[in-house]
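2 protein chains.
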Amino acid sequence: MSLNNEPQQTSPGDVGLVQPATFACEQPLALQRGGELTRFDLVYETYGELNADASNAILICHALSGNHHAAGRHAESDRKPGWWDVCIGPGKAIDTNRFYVLALNNLGGCDGSTGPLSVNPATNDVFGPDFPTVTVRDWVESQARLADHLGIKRFAAIIGGSLGGMQALQWAIDYPDRLDSAVLIASSARLTTQNIAFNKIARSAITSDANFHNGRYAEHGVLPEQGLRVARMLGHITYLSDHALAERFGREIKSGDPDQGSEIEFQVESYLDYQGEAFSQRFDANTYLLMTRALDLFDPAAEYDGDLTAVFAQTRARFLMLSFSTDWRFSPQRSTDMSNAAISAGRDVSHAIIDSPHGHDSFLLPVPRYIDALGAYLNRLAQVTNA
Amino acid sequence: MSLNNEPQQTSPGDVGLVQPATFACEQPLALQRGGELTRFDLVYETYGELNADASNAILICHALSGNHHAAGRHAESDRKPGWWDVCIGPGKAIDTNRFYVLALNNLGGCDGSTGPLSVNPATNDVFGPDFPTVTVRDWVESQARLADHLGIKRFAAIIGGSLGGMQALQWAIDYPDRLDSAVLIASSARLTTQNIAFNKIARSAITSDANFHNGRYAEHGVLPEQGLRVARMLGHITYLSDHALAERFGREIKSGDPDQGSEIEFQVESYLDYQGEAFSQRFDANTYLLMTRALDLFDPAAEYDGDLTAVFAQTRARFLMLSFSTDWRFSPQRSTDMSNAAISAGRDVSHAIIDSPHGHDSFLLPVPRYIDALGAYLNRLAQVTNA
Chain R
1 MSLNNEPQQT SPGDVGLVQP ATFACEQPLA LQRGGELTRF DLVYETYGEL
51 NADASNAILI CHALSGNHHA AGRHAESDRK PGWWDVCIGP GKAIDTNRFY
101 VLALNNLGGC DGSTGPLSVN PATNDVFGPD FPTVTVRDWV ESQARLADHL
151 GIKRFAAIIG GSLGGMQALQ WAIDYPDRLD SAVLIASSAR LTTQNIAFNK
201 IARSAITSDA NFHNGRYAEH GVLPEQGLRV ARMLGHITYL SDHALAERFG
251 REIKSGDPDQ GSEIEFQVES YLDYQGEAFS QRFDANTYLL MTRALDLFDP
301 AAEYDGDLTA VFAQTRARFL MLSFSTDWRF SPQRSTDMSN AAISAGRDVS
351 HAIIDSPHGH DSFLLPVPRY IDALGAYLNR LAQVTNA
Chain L
388 MSLNNEPQQT SPGDVGLVQP ATFACEQPLA LQRGGELTRF DLVYETYGEL
438 NADASNAILI CHALSGNHHA AGRHAESDRK PGWWDVCIGP GKAIDTNRFY
488 VLALNNLGGC DGSTGPLSVN PATNDVFGPD FPTVTVRDWV ESQARLADHL
538 GIKRFAAIIG GSLGGMQALQ WAIDYPDRLD SAVLIASSAR LTTQNIAFNK
588 IARSAITSDA NFHNGRYAEH GVLPEQGLRV ARMLGHITYL SDHALAERFG
638 REIKSGDPDQ GSEIEFQVES YLDYQGEAFS QRFDANTYLL MTRALDLFDP
688 AAEYDGDLTA VFAQTRARFL MLSFSTDWRF SPQRSTDMSN AAISAGRDVS
738 HAIIDSPHGH DSFLLPVPRY IDALGAYLNR LAQVTNA
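Top line first, the protein sequences correspond to chains R and L. Note that my numbering has the first sequence beginning at 1, numbered continuously upward. Note that my numbering has the second sequence beginning at 388, numbered continuously upward.
One thing to keep in mind: the hints can contain errors.
As the list claims (entries may be wrong) - Reference excerpt, derived from the structure (chain R facing chain L, CB under 7 Å, subset only):
hint: 1; residue: Thr207
hint: 2; residue: Asp242
hint: 3; residue: Ala313
What the hints assert, rightly or not - Covered stretches of chain R (in silico footprint by chain L; criterion: 3 or more residues with CB under 8 Å from a CB of chain L, positions within the stretch not fixed):
hint: 4; stretch: 193-206
hint: 5; stretch: 226-234
Stated by the list, open to error - The calculated label-pair distances, taken between Cβ atoms and stated as ranges, are:
hint: 6; chain 1: R; residue 1: Val119; chain 2: L; residue 2: Gln720; range: 31 to 39 Å
hint: 7; chain 1: R; residue 1: Glu219; chain 2: L; residue 2: Gly422; range: 25 to 33 Å
hint: 8; chain 1: L; residue 1: Gln406; chain 2: R; residue 2: Tyr304; range: 55 to 63 Å
hint: 9; chain 1: R; residue 1: Ile253; chain 2: L; residue 2: Gln720; range: 17 to 25 Å
hint: 10; chain 1: L; residue 1: Gly693; chain 2: R; residue 2: Asn120; range: 52 to 60 Å
Just so you know, the hints here were simulated from the structure itself, not pulled from any lab data. Quick caveat, the model's predicted, so the values are computed rather than measured. We put the CB at the ideal spot given by N, CA and C, even for glycine.
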């Protein structure tokens, strides 16, 4: 690997304007749980330059509601940059002066890749609820084809938070020779029962919306917005810590007087309404169902009678695990479970539990010790690989 | 107080068949947040005998979805006894050989007391969403009238779990001379932001149900069952610990094969569906909104700039606080906050944190150390009071 160890600028910068591209895969993809896609599109973005021997590529895997737009802006007027701009850019933790960073929208997504909103070639109607169940393994398979397309035989690192970390782990299992490092942030080798239960409730909110029509809302010209709203509000609370909510909103009143008869609205209620509303306008309900199901079903140890060490024995990558002290949705214990199994399997693994008040959401936030740890690891990785 | 210190039977028994009674209060009740009820009914049950000086009465205050049927059965064929039968009966922790136990359905409830399902005398239609906002203080006021009606000037103890504990605390504040002891189980002096957020989502699920019709579902001959279902599922998860869910359901599959294409249903999903369905058939949506709002609004320290010690300075009762190690909805810290404030205010207070894997639900379950602690306290109370 020939990485440039001298950063081209000293203070972190932004990747600037970016444009998504589309990989059209015309080879059929057989899916893990049956069925196939006769073809598919993956929308992706890249930041930085692929070096001559294509050894400096980093794949970013997104979480439940993420997409390919991980950094930069599509237009100068964009109010917000990509979802992980805090980590990706020249001089940032995932340094685009050194690395060629690839981010995509997963299969089944609703931001341009083939998914429930796409036209089903078998019917010429949108897939809607007929889109097949996709799993983390299917995502990895489709991502491997994108890597082939881009000429990347081996990633320097595959990085993901939450559901994204599950993809990084699956890569290490399915393609042990195609990555140097897997970075699993606020992730888990499987969901807890409580997590499945929260996903179930979110799905119930969507499927019981009168506008859901068994997933055929598009044909009815409506959207199950209320269900999506409730699902998002619920998800959102579980991504934040009790403490973070208390610090930010406390018992502040948005409107109404608690001493009078007027209707009370707490600030936290108004905030959740805003979050739910914004999400319901941008996210597809069938995609939400499909993504949460992929989360539920992920359990690579299942085929080894729950033996996670046997899972890590299949891998050869170095692992970095990062978890957050107040994350109760993917608690540090889940990363410890993985780290212990990786150690037992003789793998090279580091696990840092980062003190952060922000719960599961920490992985998207500029928590200094977290950003520093990630950056230091990738910097060392570059040096070790160069040595 | 002349309590019988010799239990009439040595092994705990049941209260047997019980019948509810109705207290019809024809005096208007002015409500804390404005408006009034020109009259109201409270449905209640009693277990045990009131002694000659009416000094052995214990009031049981119910939580969010509870009612007056706390112990015994209404018919031999009843599949289940009252909701706190595990604690109430001859020889049980709340010993009906010694105590006269009173349980009621709160104002605004849906089990017979005046509430949204009752006829509004002003319109001759059901109140529905026009039922006024009631607060914990209003409940205490209505309960005090019931006590007057029954000839109870002073309770030996007022006991409640969760929202019920808030009522016991409010009693101690509003009527310091009308109770010897307040027993606050898995309770809090106010909800956390996270708790308010969970309540908000449950309400949103209900109010966004297409059958809700701004609360006038009765006029439309429908029920917002789907919304109630989601609300209950959500509540239910937060009452259980992560650990309890994992122990009970793990990742067990109810139907479908994870290795095949068939639709998967996890056991925990089926369980939640059952819980949601049962609840949606028995509980009124407007009552659910009203009860969760009463929870949100409870904050006796607010009028003292958040100083909980100033609140306890208003009280004279002895306090027993019981909390449960895995309760993350009303964590032990909330009881510690109250206990510390009570100590600072010079009150007689004991706080036991009970090791229990069952989360908030522990207060309804036969957790031996909990039942023993409650029984021992009430036994000592009886002896001290007799001394």
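With a C-beta cutoff of 8 Å, work out whether three or more residues of the stretch 226-234 of chain R approach chain L closely enough for the coverage to hold.
holds (count 6)
Is the distance from the Cβ of Gly693/L to the Cβ of Asn120/R consistent with 52 to 60 Å?
holds, 58 Å
Was the hint right that Thr207/R lines chain L, CB cutoff 7 Å?
Violated, because the Cβ-Cβ distance from Thr207/R to chain L comes to roughly 9 Å (cut-off 7 Å).
Can the stretch 193-206 of chain R be counted as covered by chain L under the rule of three residues or more with Cβ-Cβ separation shorter than 8 Å?
With 9 residues closer than 8 Å to chain L, the stretch 193-206 of chain R meets the three-residue bar; holds.
Does the CB of Ala313/R sit less than 7 Å away from some CB of chain L?
Violated: closest Cβ of chain L sits about 21 Å from Ala313/R, beyond 7 Å.
Has the hinted range 31 to 39 Å been met by the Cβ atoms of Val119/R and Gln720/L?
violated, 54 Å
Quick one, is the Asp242/R hint okay against chain L at 7 Å, beta carbons?
holds, 4 Å
For Gln406/L and Tyr304/R, compare the CB-CB distance with the range 55 to 63 Å and indicate the outcome.
Given a distance of about 59 Å, which is inside 55 to 63 Å, the answer is holds.
Indicate whether the distance between the beta carbons of Glu219/R and Gly422/L respects the range 25 to 33 Å.
Distance hint for Glu219/R, Gly422/L is violated at roughly 47 Å.
Take the C-beta atom of Ile253/R and the C-beta atom of Gln720/L, compute their distance, and say whether it sits inside 17 to 25 Å.
holds, 24 Å
Hints 1, 3, 6, 7 from the earlier list are contradicted by this structure; the remaining hints agree with it.
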